[in-house]
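Trainee: Build the full structure now, drawing on both the sequences and the hints.
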Amino acid sequence: MNMKRCPIHIPGCRSFRSAAMKGLLVMLTLTMAPFSLRAEDIDPSSTVKRVAVFTVPRTDPSLLALNREAAEYIENTFSRMGRFLPAEHHRIQWALSQSHTGQAVTEGTFSNAARLLNADLYVVISVSRSPRFAYAIMEIRGQGRTYQAIRKTWRIRSRIVRNIPLKLGREIALFHSGISLSADIIKRYDDGRFLINAGQWQGLAPGTFSIPGGGTVTLLQTGRFISLAQSSPPPGDIAHIDFGLQPDVDGGVAAINAAIERNTIANYGLGTTLLKNENAEHRYVEGLCIINPGGNLCLPGYGAFLATEYLRFQNARPDVPGLAVSVSAFLVHLTLPSAATGGRGNFFPWERDSDKSEAMQRLHIFLWGTIPFNFSVAYMDQLAHLFHTTEHLPPFFEDRNTMAAFMSFIIPGGGMFYKGHRFAGWCYYFTEISLGGYSAYNWDNGNRGKIALGALGVIKLIDIINAALIGPSYSFFSTEMDRDTSSVSLETGMYHTGDNEGVYSMSLTMPF
Amino acid sequence: MGYTAASKICQLPGAPKPRMKKIIFLLLLCLIPAKDLFASKPLAGITGIQSDSARGRSIANLLEMHLYNILRSTNSFNQIDTAQMRTQLVRFDCLEDSCILRFARRADIHLVLRGTVRDMRNSMEIEIYAMGTGAPYFGARIYRYHVRIPVSRLSLSTREFSYICEEHAGRFISNLLHRYRFPVPFIIRGNTAVPDYPDPLNGSFTVYRYDRSPDEGEPLRSYRNAGTVHLKNGTIESLAPGTPQPGNGDFVLLTYEKKSQYLTDFYRGRKRELVLTPWNVSDTLYIMLFTAPASASMPLVVPILGHYARGDYAGLGLWAVNAAPYLYLEADGFLNRPQKLREENRDISRNDAARYNFALYFCFAGGMSLFVDAFAQDYLHQAANYQGVQPLMGNGLSTAYLSLICGGGGHFYRGHRAWGYFYFHLNNIMMYYTLREFSRAERYNSATDSYEKEPVDTTRAYRFLGAYCALKLIETIHAVLLDDRIENGELVEEQTAITPAVLFDPEGNLAFGIQGTMRF
Chain A
2 MNMKRCPIHI PGCRSFRSAA MKGLLVMLTL TMAPFSLRAE DIDPSSTVKR
52 VAVFTVPRTD PSLLALNREA AEYIENTFSR MGRFLPAEHH RIQWALSQSH
102 TGQAVTEGTF SNAARLLNAD LYVVISVSRS PRFAYAIMEI RGQGRTYQAI
152 RKTWRIRSRI VRNIPLKLGR EIALFHSGIS LSADIIKRYD DGRFLINAGQ
202 WQGLAPGTFS IPGGGTVTLL QTGRFISLAQ SSPPPGDIAH IDFGLQPDVD
252 GGVAAINAAI ERNTIANYGL GTTLLKNENA EHRYVEGLCI INPGGNLCLP
302 GYGAFLATEY LRFQNARPDV PGLAVSVSAF LVHLTLPSAA TGGRGNFFPW
352 ERDSDKSEAM QRLHIFLWGT IPFNFSVAYM DQLAHLFHTT EHLPPFFEDR
402 NTMAAFMSFI IPGGGMFYKG HRFAGWCYYF TEISLGGYSA YNWDNGNRGK
452 IALGALGVIK LIDIINAALI GPSYSFFSTE MDRDTSSVSL ETGMYHTGDN
502 EGVYSMSLTM PF
Chain B
152 MGYTAASKIC QLPGAPKPRM KKIIFLLLLC LIPAKDLFAS KPLAGITGIQ
202 SDSARGRSIA NLLEMHLYNI LRSTNSFNQI DTAQMRTQLV RFDCLEDSCI
252 LRFARRADIH LVLRGTVRDM RNSMEIEIYA MGTGAPYFGA RIYRYHVRIP
302 VSRLSLSTRE FSYICEEHAG RFISNLLHRY RFPVPFIIRG NTAVPDYPDP
352 LNGSFTVYRY DRSPDEGEPL RSYRNAGTVH LKNGTIESLA PGTPQPGNGD
402 FVLLTYEKKS QYLTDFYRGR KRELVLTPWN VSDTLYIMLF TAPASASMPL
452 VVPILGHYAR GDYAGLGLWA VNAAPYLYLE ADGFLNRPQK LREENRDISR
502 NDAARYNFAL YFCFAGGMSL FVDAFAQDYL HQAANYQGVQ PLMGNGLSTA
552 YLSLICGGGG HFYRGHRAWG YFYFHLNNIM MYYTLREFSR AERYNSATDS
602 YEKEPVDTTR AYRFLGAYCA LKLIETIHAV LLDDRIENGE LVEEQTAITP
652 AVLFDPEGNL AFGIQGTMRF
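Residue numbers (this note's numbering), protein chains in the order written: chain A, 2 to 513; chain B, 152 to 671.
Simulated from the structure, these hints should not be mistaken for lab results.
Take these hints with a grain of salt, some might be off.
[Unchecked claim] Partial chain A-side listing against chain B, Cβ under 8 Å, derived:
| # | residue |
| --- | --- |
| 1 | P45 |
| 2 | S46 |
| 3 | L175 |
| 4 | G200 |
| 5 | Q201 |
| 6 | T219 |
| 7 | R225 |
| 8 | E262 |
| 9 | R263 |
| 10 | E282 |
| 11 | I366 |
| 12 | G370 |
| 13 | M482 |
| 14 | R484 |
[Stated by the list, open to error] Derived DEER-like restraints, expressed as beta-carbon distance ranges:
| # | chain 1 | residue 1 | chain 2 | residue 2 | range |
| --- | --- | --- | --- | --- | --- |
| 15 | A | A206 | B | N384 | 29 to 39 Å |
| 16 | B | Q538 | A | D445 | 55 to 65 Å |
| 17 | A | D185 | B | V241 | 43 to 53 Å |
| 18 | B | E641 | A | I466 | 45 to 55 Å |
Backbone N, C-alpha and C fix where the C-beta goes; we use that ideal spot for every residue, glycine too.
Mentor: If you want it as structure tokens, here you go:
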């Protein structure tokens, strides 16, 4: 076939040049006569409210690809929300070619293109990069009488390029909060029925809807973008119907957040970086249960740091204050009963003498019995320090809340260390061990021991719940997951109202 | 031509539409044979599966191929060549749903299949959906299938990917056919209205009639139920009372549920053949012989060699939580066994006796279910991902045996963990109390230096036994009737959402409510 790609922006290009092809087309035209298009056909998708997504041109191929990916994701998010239908790509190209008069692309180019496309909104995306971050600025502008007041700008940054489109998409999803479904009546019939420009795509299905302000609308048939309806009372001169349906913003944001989290864990996770070709989960468990106890038995405190080598950290440095705290705690576990008896009581807990009361022996057994907790906490503290400084995420991070709760269940403060909250972890550790020790010492002293045990149970429960609910403290992770709420933006603008009145605007936006 | 072409496809005011026609013409060149175009079987087209990586592209190609082949195998559709159609749509940059629907509507393509394959590194997400043109869909999505398939820590070559794509394509087409309705119009032949369909239709159908003539160019034509017609060999046998004689344009909706069921059964059977061994008695015999050692070694083997070694940490956590109370009972039963109490001349309560009997049961049979869970999950995971033929699995007789001798064993064997734990607890609780009812307390009489046994309420005990037998019967039947969980991938359920809603009515008053959203 003598057919080649006909770039839309090149005037005069012919797709079919040969006479044979023209003849074939004529023949086909005749053959296809029954399929000829009716001029009065309504294209359902053309009646829907529209958005045009533009990108500021870039020459760098990687930025070009990011531009394209971001635009596509934003269009998908608009589609998912079901309020503004993204303009088709070939139409955008055409409109840009029509409105692009000079060398440089200006804001006027996009607004003119959006006007040509009859879009209610248009979005302009501009991406850039620095050595550490990728940035994107997204502007959304309304057009026409209904939406002209909409003017918003978002600035997004991420160290993971793949997260840029997702973060932009999340803002678009949140932008839809509160935009309820309002459909225009586009055709009326004699029998009281009417066509509206909303259908399955907007979340409608056949059935009866109560509408705000009283009355009901019954959708008799629903297409993708259009529905046949009748209402009670009849619509009269009303031009549009407000269904009051909200888009599924929470669901959309949750799905996007899950995707951002997946990318972030893939980028920082131990299993996809340092332990790429190994079973990271196994090494983490083995490090905690086998390597660390062995290391601590040989060299209490510093052994915990040495055991972290099992997870293959590069250029790792120990956290000296953490080591000091863990060694001090270990010494307390080991020597407190001896010190409490002035060094006269037998050093070993299983030996009891006249200087060691029964209560003291119980405390002694408790403190020696909980030395493994000290080892584990020392190890998790060093791990948390290394995860912070080397910017890695621990294994099982996809299920971090469950894992943190489990860690807190088996180790005092374990879940807090797992999520990087070292100080909180130490606080829970000292509190639980102290309450446990007090309970053991006072077990036969009235209700004191039991009350202390109850208090320990309550603290343990709080520890578990707190660990499950608290967010991770790893800043590199939070940077990706959280919305950028710190930026303040100054906006200026000029537009004309429907009455051709010039309006100048200036706004200071601070998200909170 | 460039600008003009764009304006035409864009349908700008006053612009004709030859560009769209051109697409249609080019595509119609590819339609399978021209005669079929005018036949009444629905015309289906796969407009391409998008992908975002090289690996995704190969999966998309496989998926397209299988979708095409399976659709063809149903012999229910005329089809457009997928590659040609995709090439032309890409060439003309007609890739959005709205553009494709416009094209399909004008080309009289009844069913459009589209999809995407997203590479998530550790998994691939496949989303396929179908849209219908004309009544009763008018462009609406008929069915959407979204699945996440694992690809990490598996040995997957082209052959396995092909199997996986075929499975998902089969499931998608089967579910689609279950929902799809095709409007078969009546035409007047001679003086009689007959359904315009190549195959003779039989059975009772609802007749629908459009409210308006087709000349009005509406994108959505309302229709209504006009009555019921009984067809035999493609002709009207009778009309239900009150049903007018069908005329030109009236139609019935044809369903494909039988073909859907056939496809479901076919692909389920095919997968079993590929990944499970044929049914045989010897497998069950081996399991019987292995029951006692497996159950006895469960407390050590299951957490270490089962869940941990296979990376099933969720299973490990579930095992720890669920097994703990019974392991305690088992340990207590053995440590305070009646023989030991007798040596110490202590009384033996019914609970002591029941715990010992339960310990024996749990040691030699009851622990088998958790042993099965630890290994079956992994075997079925391998089977689901086409990692070779899995031994000992998929055997109905083994399922029945495991259900009978331990709580939830059959369900764990089939891969239904939640049901397994449900029956595991129910069985163990019932078993313990049944044993307790049959157990006799023994009081030590120091005067005679002997034990006196207390009587047992046998009626009550047999009631417990009857209830336990009923439970085992229900459990066994349930387990045998279930399918093995060997489906590949995990369905991504994000189609429905229920959220609170706060609205303002026109008077500005707050209105609170709950809204449900279903995503198509």
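Trainee: Are there hints from earlier that the structure breaks, and if so, what are their numbers?
Mentor: 3, 6, 8, 11, 12, 13, 14, 17 and 18
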